[in-house]
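Q: The primary structure of each chain is shown beneath.
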Amino acid sequence: MSFLRTPPGTALVSLACAAAGVIVVASYVPRHAPLPAPLVLVVLAGLFWAGAAWRGRRLVAGNIARPTLIAAAIAVAFLELVFAYDGTRGAPLALLTIALVLVALDLPLLISTYGATL
Amino acid sequence: MEDSGPVESALAPPVAAPRAEPLVPTRLLAVPAAALALLLAAIFSNTLWPLDFLHVAGGGLWTGIDLFMGFVVGPIMRRLEPPVRGAVMRRLMPKMMVVMPTLALTTMTAGWQLARKLGILDTPYPRHWWLVASFVIVAVLALTAFAVLLPANVGVLLELRKEQPDGQRIQRLMSRYTVCTAIQGCMQIATLVVMTRIATF
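Residue numbers (the numbering used here), protein chains in the order written: chain A, 1 to 118; chain B, 1001 to 1201.
Careful: at least some of the hints might be erroneous.
Stated by the list, open to error - Heads up, simulated SDA-like pairs for lysine to any residue below, C-alpha to C-alpha not over 20 Å straight-line:
#1 B:K1162 with A:A61
#2 B:K1162 with B:M1174
#3 B:K1117 with A:A61
Stated by the list, open to error - Per label pair, the in silico range of CB-to-CB distance:
#4 A:S2 with B:A1057: 25 to 31 Å
#5 B:F1068 with A:A77: 43 to 49 Å
#6 A:L81 with B:Q1168: 42 to 48 Å
#7 A:R89 with B:W1049: 25 to 31 Å
#8 A:R57 with B:T1026: 27 to 33 Å
#9 A:A50 with B:F1044: 45 to 51 Å
It is worth saying that the hints were derived from the structure and are not from the lab.
Keep in mind that this is a model prediction, so the values were computed, not measured.
Every residue gets a Cβ at the ideal spot worked out from N, C-alpha and C, and that includes glycine.
Input sequences plus hints: build the corresponding full structure.
A: Pasting the structure below:
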């Protein structure tokens, strides 16, 4: 439990919330998912990310965060491309985009602050 | 490293600052670049075969490498002498950091497209739960990989680059790594169960 209170631990919780949001929306495709539950998950993911970023701002190792951000952005762009290419539109796509952006922001934060908490 | 005094510093010949090498050699990035180019081609070709190939080949390699690392290489590594283990990890980790995320992304993306094109995503409940289970398993795999395995890899690599690596720190990182590879192994077996069930709907 103590790990979850550290900046990478909080980023991990944010990542889990964002991933859960993506799963809920994806599990309804090709139909439209009811959005309240994924919206709550994405808002939680955003709040946890903000908390992790604030608490870990002095622990971020730039030489790790930058390449990780690029790699995560590429991975997330592929997932976004697939959802958009398959015809997901409107509010579900917007929600997926925000969740995936949070995933892309969580990963560098998590990986670049992990070493400082050991 | 101990600080040398001002006199010794003044007398010492100028030494070039060590070049900060990237954690992953740049030439290794050709592997994900090629894989992602193939993936793009498969998505936009709108044909089943390349998607099926990338999903099956990527998934097979992902599962195989995970199980091999978790249940074969892992136990062997734990019995090696620390310097030998360090030498192996220094060479193995950069490759794993490139190969595993690439395989995961290729498998997931191609699998999603394949399911969409085959109409598997339209499967009604209760069978649809199998699909939801596959999403959850992939999420657990991705979370453990990105949240523990990758940071542990980076941590071990950074520690091994130091002049005097902290053995206890490496040990702590590796113990997390070992637990997570076991979780990954179990999840990969669950993936095999779910995927073979979905393939026989």
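Q: Confirm or reject each hint.
A: Comparing the hints with the structure gives:
Taking the CA atoms of K1162 of chain B and A61 of chain A, the gap is about 16 Å. The hint holds against a cut of 20 Å. With a C-alpha separation of about 17 Å, the suggested pairing of K1162 of chain B with M1174 of chain B holds against the 20 Å cut-off. For a cut-off of 20 Å, the pair hint linking K1117 of chain B to A61 of chain A is broken: about 42 Å separates their Cα positions. About 41 Å separates the C-beta atoms of S2 of chain A and A1057 of chain B, a value inconsistent with the hinted range of 25 to 31 Å.
Taking the beta carbon of each, F1068 of chain B and A77 of chain A are about 30 Å apart, not inside 43 to 49 Å as hinted. Hint check: L81 of chain A to Q1168 of chain B, Cβ distance near 44 Å, so the stated range 42 to 48 Å holds. Taking 25 to 31 Å as the suggested C-beta distance range, the pair R89 of chain A and W1049 of chain B conforms, at roughly 28 Å. Separation of R57 of chain A from T1026 of chain B is about 29 Å and conforms to the stated range, judged on CB atoms against 27 to 33 Å.
Taking 45 to 51 Å as the suggested C-beta distance range, the pair A50 of chain A and F1044 of chain B does not conform, at roughly 37 Å.
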